[in-house]
Structure formats: structure tokens, C-alpha cells
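Trainee: Sequence:
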Amino acid sequence: MLRTHYAAAIGCARGNALDEIMRKVWTRYGKGEFTDDEAG
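Going by this note's numbering, the sequence shown opens with residue -4, and the numbers climb by one from there.
Any given hint might turn out to be false.
The list that follows gives simulated cross-link-like pairs (lysine to any residue, SDA-like), each with its CA atoms no further than 20 Å apart [said to hold, decoys possible]:
#1 Lys26 to Ile16
#2 Lys26 to Cys7
#3 Lys19 to Arg9
#4 Lys19 to Cys7
#5 Lys26 to Glu15
#6 Lys19 to Ala8
Derived by calculation from the structure, the hints in this document are not laboratory data.
Given only the sequences and the hints, what does the whole structure look like? Please build it.
Mentor: Written as C-alpha cells, this is what we have:
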């Protein structure tokens, strides 16, 4: 039971971190700080 909770918490944290990273990348890309090659 606890293992499942830990796995869910870690998965959720990873998902949130990934969302935040992607948001930052797209924000910078939108401002023209990235080229298509860097963003790809």
C-alpha cells in the first residue's frame, strides 16, 4: 500500500516538474530565444 502511494507521489512530482520545464521551454521559444534546432 505505501509503495503505491510513494510511486504515485513520485510520478506526480515528475509530471509537474516536466510540465514546468516544458512551459519554460515554450515560453523561451515563443520569445525567440530558441531556434527550431534547439527546441527540437
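Trainee: If you test the structure against every hint from before, which numbers come out violated?
Mentor: Number 2 only.
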